[in-house]
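Number of protein chains: 2
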Amino acid sequence: MYDGLKGFRDFYPGEMSARRAVTDTIEERVRRYGFREIGTPALERTQMYVDKSGEEIVDELYAFEDKGGRSVALTPELTPTVARMVVARQGALSRPIKWFSTRSFWRYEQVQQGRFREFYQTNVDIFGSSRPESDAEILAVAADLMTDLGLEVDEFEFRVSHRDILGGLLESLDSEVETADAIRAVDKREKIDRKAYYDLLVDAGLSRGEAERFDDVLGTDDLDDLVAFADTERVSAAVENLRAVLEAAADFGVREYCTVSLETARGLDYYTGVVFECFDTAGEVSRSVFGGGRYDDLIGGFGGQPTPAVGVGIGHETLSLLCQRAGVWPDETVETDYYVLTVGDTRDVAARIARDLRELGHVVESDLHGRGFGDQLSYADGIGAETVVIVGEQDLEDDCVTIKDMRSGEQTKVPLAEFPPAEGRPTYDEYAE
Amino acid sequence: MYDGLKGFRDFYPGEMSARRAVTDTIEERVRRYGFREIGTPALERTQMYVDKSGEEIVDELYAFEDKGGRSVALTPELTPTVARMVVARQGALSRPIKWFSTRSFWRYEQVQQGRFREFYQTNVDIFGSSRPESDAEILAVAADLMTDLGLEVDEFEFRVSHRDILGGLLESLDSEVETADAIRAVDKREKIDRKAYYDLLVDAGLSRGEAERFDDVLGTDDLDDLVAFADTERVSAAVENLRAVLEAAADFGVREYCTVSLETARGLDYYTGVVFECFDTAGEVSRSVFGGGRYDDLIGGFGGQPTPAVGVGIGHETLSLLCQRAGVWPDETVETDYYVLTVGDTRDVAARIARDLRELGHVVESDLHGRGFGDQLSYADGIGAETVVIVGEQDLEDDCVTIKDMRSGEQTKVPLAEFPPAEGRPTYDEYAE
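Protein sequence lines correspond, in order, to chains A and B.
First residue of the first sequence? That's 1 in full-length UniProt numbering, and the numbers climb one at a time after it.
First residue of the second sequence? That's 1 in full-length UniProt numbering, and the numbers climb one at a time after it.
Keep in mind that the hints were calculated from the coordinates and are not lab data.
Treat the hints with care, as some may be off.
Straight-line distance between alpha carbons at most 16 Å, and here's what the computed EDC-like set of lysine to aspartate or glutamate pairs gives [claimed, not checked]:
| # | chain 1 | residue 1 | chain 2 | residue 2 |
| --- | --- | --- | --- | --- |
| 1 | B | Lys413 | B | Glu423 |
| 2 | A | Lys52 | B | Asp3 |
| 3 | A | Lys6 | A | Glu65 |
| 4 | A | Lys67 | B | Asp59 |
| 5 | A | Lys188 | A | Asp215 |
| 6 | A | Lys413 | A | Asp398 |
| 7 | A | Lys67 | B | Glu65 |
| 8 | B | Lys52 | A | Asp3 |
| 9 | B | Lys413 | B | Asp395 |
| 10 | B | Lys6 | A | Glu109 |
| 11 | A | Lys6 | B | Asp337 |
| 12 | A | Lys404 | A | Asp296 |
| 13 | B | Lys404 | B | Glu423 |
| 14 | B | Lys6 | A | Asp215 |
| 15 | A | Lys6 | B | Glu65 |
| 16 | A | Lys404 | A | Glu386 |
| 17 | B | Lys52 | B | Glu15 |
| 18 | B | Lys67 | A | Glu109 |
| 19 | A | Lys413 | A | Asp399 |
| 20 | A | Lys188 | A | Asp203 |
| 21 | A | Lys67 | B | Glu60 |
| 22 | B | Lys404 | B | Asp337 |
| 23 | A | Lys67 | B | Glu56 |
| 24 | A | Lys67 | B | Glu109 |
| 25 | B | Lys404 | B | Asp429 |
| 26 | B | Lys67 | A | Glu56 |
| 27 | A | Lys404 | A | Asp429 |
| 28 | B | Lys67 | A | Glu60 |
| 29 | A | Lys52 | A | Asp296 |
| 30 | B | Lys67 | A | Asp59 |
| 31 | B | Lys67 | A | Asp398 |
| 32 | A | Lys413 | A | Glu393 |
If you only want the chain A side, here are some residues facing chain B, beta carbon under 8 Å, derived [unchecked claim]:
| # | residue |
| --- | --- |
| 33 | Gly4 |
| 34 | Gly39 |
| 35 | Met85 |
| 36 | Thr102 |
| 37 | Ser104 |
| 38 | Ala351 |
| 39 | Leu377 |
| 40 | Tyr379 |
Bear in mind that the values here come from a model prediction, so they are computed numbers and not experimental data.
Glycine included, each C-beta is placed from N, C-alpha and C at the ideal position.
Please work from the sequences and hints to get the whole structure.
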């Protein structure tokens with residue numbers, strides 16, 4: 001007997017049906033916004049990730065040398081791949097490029113709640129537009145798919161910020177600050193204690209006094225305070241852009257899901273503009289569910305023409321935890337429209353009925369075991385059959401079949417010539433007197 | 001600029017939309033037969049494939065040692081994984097177990113037409129039933145999905161055989177024959193010349209005379225000839241089972257797609273009963289599109305209770321070549337129901353209309369570039385928009401929007417309060433006088 005690998009999961013039909021329903025809901029909403037599905041490989045050259053994220057990333061990758069001597073890695077994220085695809089056809093693609101896909105990714109990480117070594121994401125990206133409408137459309141499609149899943153406005157929020165606000169505030173200080181380090185410190189602000197947080201800021205080059213004043217202004221409700229604190233063109237422009245995105249989000253009907261939160265900085269250095277994280281606000285543990293933002297420099301860094309970009313990567317594992325906590329995770333059950341039950345030598349008629357019902361679009365099973373009446377009925381119950389069509393030798397002599405409602409147990413005879421009808425989903429209720 | 005790996009493909013939206021349509025058609029049909037979707041990992045322990053297929057398989061695998069020192073491989077096929085899953089829950093799963101999934105697999109192979117290093121398959125399997133109805137249901141679901149794709153009865157055929165017929169015929173000879181080698185020779189019969197084929201049979205232990213008589217009887221139309229040739233219980237039972245499967249296939253409405261062809265032996269040793277291959281019969285090159293069959297020994301070999309099994313693995317690459325050759329491959333284009341065009345400062349109203357149309361289930365795009373009228377219209381044309389809704393400042397003063405049919409170019413004004421209506425898919429035709 002073999003076992004699967006740690007951090008990799010098998011999904012049996014019940015759980016899979018819930019995951020499929022959630023994925024379908026997400027993708028249906030994304031499609032309505034005009035995002036187009038793409039297909040991407042599971043393996044890429046390791047160098048691509050090293051160039052984007054530094055040599056350390058290799059420790060997290062499933063990286064190896066293939067039989068042709070290439071250094072390859074199981075893709076840990078989608079962004080480098082789509083950037084490569086945009087560059088490869090940059091002349092031929094009309095703008096905006098709006099792409100999505102749902103697939104698995106892999107990282108060699110510690111396994112914990114909501115974190116696996118194989119995990120699933122729906123990535124949604126817009127390339128080619130630097131306008132606030134693009135940032136807002138990413139917020140809008142993300143908010144809409146959350147409500148499509150049944151989540152309410154008080155159950156999640158998008159904490160929205162702008163990468164240049166933090167960068168600009170830090171730049172405006174007298175000290176020489178390592179901006180990336182300081183932003184990483186801000187990203188950890190809620191996860192570590194105050195002292196450790198200040199220490200990180202000081203490590204990044206701030207004086208203790210600057211760290212305190214900087215932290216103060218991060219807490220403001222008034223974006224004008226930021227402009228005044230920094231008194232630089234960079235912060236003014238960032239605040240203006242953030243406001244423009246929020247105004248577009250208001251026009252797009254999703255402003256109510258957005259909270260300005262400057263502490264939201266995203267851990268990844270490649271973001272360049274508005275960034276956001278979706279938080280589970282009603283849960284006992286306020287946790288980040290997924291995030292996204294603007295990354296205008298990546299395509300240029302990949303050797304393409306400078307191309308603005310904004311996107312979101314929706315992690316299905318944390319999202320499913322949120323849905324379960326909120327009570328909107330779909331039932332993990334299988335469903336069946338009809339079970340066609342044979343009694344005696346009636347396989348040919350039963351098969352014809354099953355076939356006709358399938359042509360109408362229904363899910364239909366029939367006997368594959370040569371089982372008796374009771375065992376077939378019990379199997380039909382096990383697969384959640386709504387209706388059982390009993391095709392018995394006796395009934396067929398009267399040119400009838402019996403339609404049984406599995407919930408009530410009631411049944412009635414129906415002329416064989418009338419079943420199934422040319423359309424619809426005939427159940428017991430339609431034939432009962 | 002980076003390039004992708006050889007044998008791995010990027011699918012841009014046009015091609016992807018066709019692939020998605022084909023996958024949806026396949027899966028819709030499979031679901032109607034009551035097969036339930038499962039989710040499976042991309043990595044497994046290498047040993048599982050070695051135990052099933054021998055040490056040579058490692059040469060074809062993307063196998064490596066992970067950071068925890070485990071020998072792992074990118075899954076080259078689904079069967080060992082589902083066998084592992086059946087064994088892991090064998091007490092809890094009610095029979096028959098009917099599973100399907102569509103996903104990618106990986107083999108380090110020579111890249112050629114219809115063969116890539118990353119390839120896609122829909123696997124459909126039934127576990128727990130040894131009855132001919134199970135074999136026939138696999139044939140039926142496969143035949144139905146082919147016709148759902150638009151393929152006609154004269155464009156493909158299932159060449160059906162039984163593994164024990166070949167084995168039994170060989171066993172009945174006087175010489176000591178290496179059955180697996182001889183069956184592999186038969187599997188190559190149509191791909192190599194006569195002399196090389198006979199040489200392979202002789203290598204497998206047949207005398208030259210036996211090789212000729214054996215080859216003769218393979219060509220017969222009459223299954224009784226086989227029974228007479230071998231005169232063994234094994235061949236009689238295999239012929240009886242094959243006939244029973246074909247009778248069930250007749251009841252299931254798919255007998256016409258099946259041809260008895262004893263040369264069809266499938267290259268894999270683990271098949272134990274009825275085997276079949278789908279051939280493209282109308283193409284210039286008669287080629288195998290996909291195949292399947294019964295493999296009753298695998299689950300027992302994986303440490304589980306003996307569990308009969310039958311299935312099919314539908315390779316999307318060869319299937320797409322068949323569909324393209326037959327002219328039923330879906331258009332590789334993107335489609336859009338509405339483009340909502342803004343003229344002047346009308347973003348709020350345009351966004352509200354776009355939102356309402358999306359709530360009705362439609363695919364809707366709007367401007368993300370701050371473009372003028374002509375550029376927006378040209379973008380709408382590029383994304384295949386059927387209808388353009390023009391939201392202009394002038395029109396809004398009259399409480400109107402303009403509905404433009406993109407095929408004819410005709411347009412008409414509609415009161416803002418009436419657009420969109422509470423349901424349906426309003427086009428120009430509904431408003432034109």
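Quiz item: Regarding the pair Lys67 (chain B) and Glu109 (chain A), is the alpha-carbon distance no greater than 16 Å?
Solution: holds (10 Å)
Exercise. Would you check the hint for Lys404 (chain B) and Asp337 (chain B), treating anything up to 16 Å between C-alpha atoms as holding?
Key: holds (12 Å)
Self-check item: Distance restraint between Lys6 (chain A) and Glu65 (chain A), which requires alpha-carbon spacing of 16 Å or less
Solution: violated (22 Å)
Practice problem: Starting from Lys413 (chain A), check that the Cα of Asp399 (chain A) is at most 16 Å away, please. | Solution: Measuring from Cα to Cα gives roughly 10 Å; hence the hint holds.
Quiz prompt | Pair hint outcome, Lys404 (chain A) versus Asp429 (chain A) [Cα-Cα no greater than 16 Å] | solution = holds (10 Å)
Quiz item: Taken at face value, is the distance from the CA of Asp3 (chain B) to the CA of Lys52 (chain A) at most 16 Å?
Solution: holds (15 Å)
Quiz item: Does the alpha-carbon distance linking Lys404 (chain A) and Asp296 (chain A) stay inside the 16 Å limit?
Solution: violated (61 Å)
Self-check item: Interface restraint verdict for Gly39 (chain A) against chain B (beta-carbon cut-off 8 Å)
Solution: Holds, because the Cβ-Cβ distance from Gly39 (chain A) to chain B comes to roughly 3 Å (cut-off 8 Å).
Quiz item: Taking 16 Å as the top limit, are the C-alpha atoms of Lys6 (chain B) and Glu109 (chain A) close enough?
Solution: violated (28 Å)
Practice problem: Below or equal to 16 Å on CA atoms is what counts here, so check Lys6 (chain B) against Asp215 (chain A). | Solution: violated (50 Å)
Quiz item: Given Thr102 (chain A) as an interface hint, is the shortest Cβ-Cβ distance to chain B below 8 Å?
Solution: violated (11 Å)
Quiz item: Does Asp398 (chain A) lie within 16 Å of Lys413 (chain A) when you go C-alpha to C-alpha?
Solution: holds (10 Å)
Violated hints, in rising order: 1, 3, 10, 11, 12, 13, 14, 17, 31, 36, 39; the structure is consistent with all others.
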